[in-house]
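K.L.:
Chain residues, written in single-letter form:
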Amino acid sequence: MNKITSLEEVSSFLKDGMTIMAGGFMGVGTPQELISAILKADVKNITLIANDTAFVETGVGPLITNKRVKKVIASHIGTNPETGRQMIAGEVEVELVPQGTLAERVRAGGAGLGGVLTPTGVGTVAEEGKEKLMVDGREYLLEKPLRAEVALLKAYKADKAGNLVYHRSARNFNPLMALAADTVIVQVEQLVEIGEIDPDEVMTPGILIDKIIVNGGYVS
Amino acid sequence: MNKITSLEEVSSFLKDGMTIMAGGFMGVGTPQELISAILKADVKNITLIANDTAFVETGVGPLITNKRVKKVIASHIGTNPETGRQMIAGEVEVELVPQGTLAERVRAGGAGLGGVLTPTGVGTVAEEGKEKLMVDGREYLLEKPLRAEVALLKAYKADKAGNLVYHRSARNFNPLMALAADTVIVQVEQLVEIGEIDPDEVMTPGILIDKIIVNGGYVS
Amino acid sequence: MTPTIINPKQIIAARVARELKDGNVVNLGIGLPTMVPHFLPEGVNVILQSENGYIGLGPLEGEVDPDIVNAGGQPAGIVSGGAFFDSLFSFELIRGGHIDVTVLGGLEVDEEGNLANWMVPGKMVPGMGGAMDLVTGAKKVIIAMEHTAKNGSSKVLKKCRLPLTGKGVVDLIVTELAVFRVTEAGLLLEELQEGVDLETVQEKTEASFRINPKLQIS
Amino acid sequence: MTPTIINPKQIIAARVARELKDGNVVNLGIGLPTMVPHFLPEGVNVILQSENGYIGLGPLEGEVDPDIVNAGGQPAGIVSGGAFFDSLFSFELIRGGHIDVTVLGGLEVDEEGNLANWMVPGKMVPGMGGAMDLVTGAKKVIIAMEHTAKNGSSKVLKKCRLPLTGKGVVDLIVTELAVFRVTEAGLLLEELQEGVDLETVQEKTEASFRINPKLQIS
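Protein chains in written order, with the working numbering: chain A, 1 to 220; chain B, 1001 to 1220; chain C, 2001 to 2218; chain D, 3001 to 3218.
Please note that a few of the clues may not be correct.
Result set (SDA-like, lysine to any residue): computed pairs, CA atoms no more than 25 Å apart in a straight line [what the hints assert, rightly or not]:
hint, chain 1, residue 1, chain 2, residue 2
1, C, K2214, C, R2161
2, A, K71, D, M3124
3, B, K1003, B, E1128
4, A, K160, C, V2025
Just so you know, these hints were derived from the structure itself, not from any lab.
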């Protein structure tokens, strides 16, 4: 199965109204070419799951700026004033989730868990609408799984089987999201042959990856 | 802070009646010299948390064979007939936990979670004594965190700050247990200088490691 | 080279092999299931996951690396393109639906797709290991087992009597006599193994089952 | 070289620095808290954790690596012996009690150790980022903030009015006027900053507080 694909082919996985996860922390570790593919594909009413909405023109920000997003689930929207503006104008719905809880929810979605109990957010607005449980005398919030139809990842290196290696702090949410979507597409800087990545150094195994885009659109 | 220590000094962390976690899967990835240190230190009534009880003479098995263990929490005891014998004779208490659930419970203990909801074990004896929750129409068991006073790990390589790299399938439970104990002691095959392990290749950061034993008892 | 089929276990393994598709991610239980890869048809390659922490389980080639064992603790190898990870991630894959097929042995299965394969009270309590997670999380659960116990009693029951490994988890039962699919309406006999007649299967099966109309009973 | 202290923020940062012990694992919020390391005494080295996924946050040295940023998204460096990991593990460290101290800014703190620092309804809703996890999980939570808001109103309140970041989470409050410890019995004034008198603190603090008897009020 050849996983290497083109940006044009990526469009075939994108549909109006779908839920998309994207890796990245303020744009670092966000697959910028895949974000551009969404813009080009003219899909809208997206539910976007990402750590933050980055900046007006970089990271996942352009999806907001270009009004492709109906709802955002994120831990932070402060660096992209457009998100706040659209939220106040009622153009986009924003669900703010503590960053560690967001990570747990994405993991739960990918790991087949029904949820996790976290102490984070107890006694704050983050507990609104959530079940609270006492375990051994301490109060926890039941946080439920998050999944997406498509996850868009950024990695430094992939082999042709889709085994991934991330670079520095660009790793962030990418490995988690690799398990939590029906279709997982990764943009990589470098493509190597199968066997060139030592099995101890693989950070995301290729069985989780459906499609690979090499930076600059190179198709093998 | 010098983390490199001797097997003799390890004894000072061991006490009768304590809860000890040990990495390993049928002995692979088990810190054999640290297990020997327990035997030498003459501590008993241990509660042992490990994936399995390995074999009569290797892995964590000798702790059972030498009757140091009061209670075992494990997913599998079948390869060590001594565990079964002592269980039937009422000499050791055995709590069997599905392997994935054991991993989740150790992680929850190390990650500050009050528990996780897993579908594993629903409708089996594994659900006995556990709270069941429905989430979005599916039934889950609430599995609670596990922690220990001491975790004994095995790694392939450490730098002097305690950053660890594991080798092949000897990784198994070691990285999880590194977060879930008050004191974490690792046995390594190779010790290198700080800076010699690339930060992308560290599998367990040194802030989690209290003491390092180099194979063969070498003290720097 | 596909080995010749000479005994019941090989009949079972060979039939299970035909259920696997090229590229499937598969977790095999210890014992009989590990024989399955030997019978894969030409052009069908599967990726084996080992619950002790890797993808790409392969036969031992060259020197033994004491740090590479299979889920039975035996020396093993890893194929090119494989990856090691910790036990947590291994079971994220298993429970999270990232394994296409698991093939496990069974002590008992029943009409509701219940499986018992991890303990016999008072006799054998090895523990469930990763089996409960595997039957819960794998997309398809195939039970590969001999049709009857050593004493001749059926292992395909109306209702399991031993403590369960999983409730309503089995998709397919492959024995040396027959292949049953578990459906919402109970067991469906899909195939008779070569040379086996319906009467033999009926006689050796405690469970009730329907017969797939497509099945040509000669 | 320790910078000269010339403004309220530097007074605060310098005082917080004295709370940190050699070898502490510390997470610093953006803004004022990032000034703290400049004031660490000789011989005190701390290990900085960055919630976007690493240990060993350091100043940018040499060329910018676009893949290395701090939790504020700014180009940063990593010290020798540091390690990168994913966001899940980062928050396992944070929530699991593996961070010794977190230093965060505050909009409001109160007598019960409640903290509000993530939103002003109708005005500013940037999101909580990692702050709620940090105040819940770090062993010690230090709030480093100016004593009063721009309009002169106290930020040390009887009861927070803004939406909380955490309930009963604060251990120490350091302002340019004073240092308060949060105890079960409410706030305890531990120190007056140099040149500040008790009356000034009383006047600018809405919260009630007790005074540590050890404190010499001249």
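K.L.:
Which hints, by number, does the structure contradict?
P.N.:
Those not satisfied are hints 1, 3.
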